[in-house]
Amino acid sequence: MDVFDLFRLAFKALLARKTRSVLTILGITIGAAVIMGLIASSGGLTAGISAQVDKIGANVVIVRAGSSNFLSGSTSSYQLSTQDLSALSSISHVVQVAPYYQKPVTISVGGQSVSGTLIGIDSSVLPTIFKGLSLSEGTFPNSFDPTSAAIGNSIAYPVSSTGAGSQLVGLNQAVSMKIGAGTTSLTFLVKGIFGAYGSALFSNVDESVFVSFQAAQLLLRTPYFSAIYVIVDSADNISSVQSSIQTIYGSDVSVISAGAIASSISAITGQLSVFLGSIGGVSLFVAAIMTANTMFVSVMERTKEIGVLKAIGFRKSQILSMFLSECVVTGIIGGICGTLLGYVLSFILGGALSFGPGRGGGASSPVFSLGLIVFSLFFPIGVSVLAGLYPAWRASRMSPITALKYE
Amino acid sequence: MTLQKTELTPAAKNLPGTAPAIETVNVTKIYNVGSTDYPALRGVSLKIERGELTSIVGPSGSGKSTLLNIIGALDRPTSGRVKIDGVDLRKLSDDQLARIRNRKIGFVYQSFNLIARLSALENVEMPLMPRKIVQRVRHARAMKLLDAVGLGRKGGKRPTELSGGEQQRVAVARALVTEPEIVIADEPTGNLDSKTTREVLHYMNEVNRTTGTTFVIVTHNPEVSDTTRRIISIRDGAIEKDQRLQRLDSF
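These protein sequence lines are chains X and F, in that order.
Mapping of the first sequence onto the numbering used here: position 73 corresponds to residue 663, and the numbering continues sequentially without gaps.
Mapping of the second sequence onto the numbering used here: position 210 corresponds to residue 584, and the numbering continues sequentially without gaps.
For reference, chain F alone in the conformation it holds in the complex:
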């Protein structure tokens, strides 16, 4: 998988003085199960700068998925403040949140979540559909992304006709087709073998480096977190550790 720099516009995402990609201030999330309150997040404050490649690790039930949903503008915190690209999500309506997700965030899931009856190309095209972009342009952009993930010739295939690794590459292409500020990946390699895991990680690293897209990856897998320059550990709904590592961009 190779990525040419011209394929994705390296947006002016690293300008000094601009807001962090993601900022949370004292975010809590409390689920009501019956009459008991179950706190999933107990005051999480973090800043993820533009262009960072961060992993969030932690045991099951630690609250990392809840945090991911909140910074992905999919869910609202019980209290606290979330800013995406400087925009405070608190005041936004559901449709405005949908717009933020569409414009600024791309999602990659463990189970790929491709739409089975649509071709790979159509799946990649989907995020462009809520915008007023004509089909021809959507096709062209989706094709470019499929080429970039090395599936240019498999655009007409249905997800079921592709291997797990190929499906995840389609999903990554779908996440990137809108040229988002942030890509949020929830166990992106959870269903992949180690060779494919490395391929997908390599590709995400490369996109991060060449375009400055911010990546937040939730994972159990140390092999995955080891490729990121920042590892945030969550335990019992709070940040336990926040390590920034000096790495060579050798991966």
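With the rest of the complex left out, here is chain X:
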């Protein structure tokens, strides 16, 4: 009796009780799919958030008005203005301070309105703050030019529902926008177009219109900045700078660094993964109980058959392996179906679990590690075999005459 014999017999046995086999396999499939789907999508969420956090330079600290946690808005009436720039510059290890403006705008592109962000910032700090961001066409407008802008990739090349779009806005063309819900209208000449970048922590770069800091100040007519980027000489000194700022301002501002966000996010998503993984674990455990139950019933029903097998000379180990191979087959089918279903599920969940600014900007695509796939394929087999072990062992230990007499 070789592996092929065992598998062939197992298939026939499972086919002989189709409904029960399908239900057992379904139980295992759901268990495996839930584990796969939840872990892959929460891994995707983590990776998506990390990617956004990573785009902010490791030596950059963001100072925003108000003592707030970074997810909810400001709760303080304190406003950041020019005087804060000198206060922040005087802190040791601080290399440069870059105030910036950020306003939600409605941009008219090709007859359609899309929401975006107007960002006013000194172009020289852009590469430090948004790592890897560069212009793919044109140049950044001059510092005091209030009529020119550089635009994010998605504004120039809108992504339509049918896929990547063609160019709607080119260099030296005009883009018009309204600020917020108001009526103030602005029009800029496009001088530069950024390469596709994605979202950084607070800014969806691809859907932003960049002007110089001075131009934004002029156009928005406010002395108060949205935030100040503080660039530190080295990532090692981030925490000392952070505590210095906190000492000066107390609860008037919140200080955020990429590293701090990264560590708090990884703590949250780590717990999320454990939590979601345990939900999957519970469903697989339930599937294991189902499998054990099915196997017990199957062994009982086939008591007479076991007697016949014993009479014609099957050894204990052979009867044990016959029943266990039914579990293995159940587990293999459940594992494969579960992995496939989990793959689909993780995209559905990935769409639901999103983080970050912009339309679709934060939707996470699930992360499938080789380990996860191997786990989701083989763990159900292990669970199924473990569940069938005791019933199969009982079958193998039956006395041949008792089994033969069973009706």
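What the hints contain is simulated information worked out from the structure, not anything from laboratory work.
Hints are not guaranteed to be accurate.
Listed next, the in silico DSS-like pairs over lysine-lysine satisfying Cα-Cα at most 25 Å (straight line) [to be verified]:
1. F:478 <-> X:906
2. X:906 <-> F:465
3. X:995 <-> X:906
4. F:569 <-> X:894
Fit chain F to the supplied structure of chain X, relying on the hints for placement.
Positioned in the frame of chain X, the structure of chain F alone reads:
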């Protein structure tokens, strides 16, 4: 049903001086029901030589099935000694007993005991599976046996698609596929009509004659015991009569 002599190897089973096929010495079997002991066998000693065709008869509860289980290496006696083909079963483990059953004994039952989800051919093949015999060879041997019992064309049928007589012929083929020393049949014709009974008996007789396989048949049916050359009567757990009859092999 015809059997060609080349189909089954007539093993050198009748060599003089070799051990009897089955030998029991003072075998007892006591069942414990609650606190009372119920003796099913009270000291049975018998020898069945190689190539004998023996029936065991007796009323219900006489202990004949218990005896059959013990000489079939399915059950162990409470005391006494059982030898199959000269091998003392007392010292053997469960797995070694399974090996003895697989190598030396074929079983035929009243209720056929075929596996319903397997085809006739696969059922006949089953006893070859515990051995390391590849599927192709198993198929060939099982097919030969099915041919021999006249069911060569029905190998693909499930037991439920066969008549009772056909099912029993499949069961006989299964018992013989391992070329056993001994075939043990427990009421093999109990579920068959008289015509089919005669067919099955005829076939077993023919196998016995051509291959020298030892047959032990437990039966209620005088029509069955009349075809055997030796009749052992059991009553109350002991041998009451042991008759050897001179018959012409006319059946």
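Handout entry: Non-conforming hints, listed in increasing numerical order
Key = Hint check: 4 fails alone, others pass.
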